[in-house]
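Visitor: Take my numbering: the last position of the sequence shown gets the number 54, and nothing is skipped along the way.
FYI, nobody ran anything at the bench for these hints, they're computed from the structure. Treat the hints with caution; some may be incorrect.
In the EDC-like style, the derived pairs of lysine to aspartate or glutamate whose C-alpha atoms are separated by at most 20 angstroms in a straight line are [stated by the list, open to error]:
#	residue 1	residue 2
1	Lys-6	Glu-24
2	Lys-35	Glu-45
3	Lys-2	Asp-33
4	Lys-6	Glu-45
5	Lys-6	Glu-28
Remember, predicted model here, so these are calculated numbers, not experimental data.
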Amino acid sequence: MKAPAKRLQASFYATDTGKRPVREWLMELSPEDRKAIGMDVATLEFCWPVGMPK
C-alpha cells in the first residue's frame with residue numbers, strides 16, 4: 001500500500017544563527033503534549049484543507 005502524500009510540508013522557523021525557538025519550546029513539553037501537537041501538525045500536513053472545528 002502506498003503511503004499518503006503530504007499536502008503541506010511543516011517546517012520549523014530558524015533564526016539567522018540557526019536556532020529553532022519553536023522546536024526548542026516543543027522539546028520542553030511533556031511527551032503527551034508533544035504527541036498531541038504532533039498529531040495536529042500531521043493532520044495539517046496530510047489533510048489540508050481542514051474544515052471548520054466541530
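Visitor: It remains to establish, for every hint, whether it holds in the given structure.
Guide: Hints and how they fare:
With a C-alpha separation of about 24 angstroms, the suggested pair Lys-6 and Glu-24 falls outside the 20 angstroms cut-off, and the hint is violated. Proposed proximity of Lys-35 and Glu-45 is supported: the alpha carbons are some 15 angstroms apart, at most 20 angstroms. At roughly 29 angstroms between alpha-carbon atoms, Lys-2 and Asp-33 are farther apart than 20 angstroms, so this suggested pair is violated. This hinted pair checks out: Lys-6 and Glu-45 have alpha carbons roughly 5 angstroms apart, not beyond 20 angstroms.
Distance restraint check for Lys-6 and Glu-28: the Cα-Cα separation of roughly 27 angstroms exceeds the 20 angstroms cut-off, and the hinted pair is therefore not satisfied.
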